[in-house]
Each structure stands twice: as C-alpha cells, then as structure tokens.
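Enquirer: Sequence:
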Amino acid sequence: MVINRLMKLTEVLHTTGLGRSTLYVLISENKFPKQVQLTQRSVAWPQDEVQNWVLERIEERDKSNTQANYNQSQTPRLSPGFKLN
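Just so we're aligned, residue 17 is where the sequence shown starts under the working numbering, counting upward by one.
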C-alpha cells in the first residue's frame, strides 16, 4: 500500500481556489472528496484525491473548449463588408 500525503484545510483551499463554504457544500453534495478524520478536532484530505479532483475540472474545461471550438468552426462566417438588405 502506498502512503498518501494528507492536506489540511488551508492547503486544500489554496490548491483548489475554493472558499471554505463552497468546499463543504461540494462535499455534502458528494462532488468533492470527503475528509479523513485525524483527531476529534482535526481533518485532512488525501492529496491524490484533491489533485485528481482538480485534474477532472481541467479535463471538463478542455472538453468544453474543444466542443466550443468545433461549434464555432461550424458556424458560417460573414465577410467584414457584408451587409444585409
């Protein structure tokens, strides 16, 4: 078994760019990895799960950009001097 580094809240917020409230909303909606309870008052997140979540957001963006670029290339373009009558 590979030991995974754990990230505290401030590092997770910095890595993801999320705010604290948004992070906990995403967790409650099962849209972000759940935290690991370290002690009664301390939690952390597995670094690889947080990094994978960020990479998934990037992949979604890239898929959207690819689709948007495809749609734009399919849209007919009018020449700059074209006028409708």
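Please keep in mind that the hints were generated in silico from the structure rather than gathered at the bench.
Where hints are given, some of them may not hold.
Distance condition first, Cα-Cα at most 30 Å in a straight line; then the derived DSSO-like pairs of lysine-lysine [to be verified]:
1) Lys79 / Lys47
2) Lys24 / Lys47
3) Lys50 / Lys24
4) Lys50 / Lys79
Quick list of simulated restraints, FRET-style, between CB atoms [what the hints assert, rightly or not]:
5) Asn81 / Gln56: 42 to 52 Å
6) Glu72 / Tyr40: 29 to 39 Å
7) Leu25 / Arg77: 38 to 48 Å
Glycine included, each C-beta is placed from N, C-alpha and C at the ideal position.
Enquirer: Can the restraint linking Lys50 and Lys24 be considered satisfied, given a maximum Cα separation of 30 Å?
Expert: Roughly 12 Å between the alpha carbons, so the hint for Lys50 and Lys24 holds.
Enquirer: Per the hint of 29 to 39 Å, is the separation of the Cβ atoms of Glu72 and Tyr40 within bounds?
Expert: 19 Å, violated
Enquirer: Are Leu25 and Arg77 spaced within 38 to 48 Å by their CB atoms?
Expert: Between Leu25 and Arg77, where Cβ atoms are some 25 Å apart, the hint is violated.
Enquirer: Using the beta carbons of Asn81 and Gln56, state whether their distance is inside 42 to 52 Å or not.
Expert: 44 Å, holds
Enquirer: Given the hint that Lys50 pairs with Lys79, does the C-alpha gap stay at or below 30 Å?
Expert: Holds: Lys50 and Lys79 sit about 26 Å apart, inside 30 Å.
Enquirer: Has the given pair, Lys24 with Lys47, been kept, meaning a C-alpha gap of at most 30 Å?
Expert: 18 Å, holds
Enquirer: Going straight from one Cα to the other, do Lys79 and Lys47 come out at no more than 30 Å?
Expert: Holds. Lys79 to Lys47 sits at ~19 Å (cutoff 30 Å).
Hints 6, 7 from the list above are not met by this structure, while the remaining hints are.
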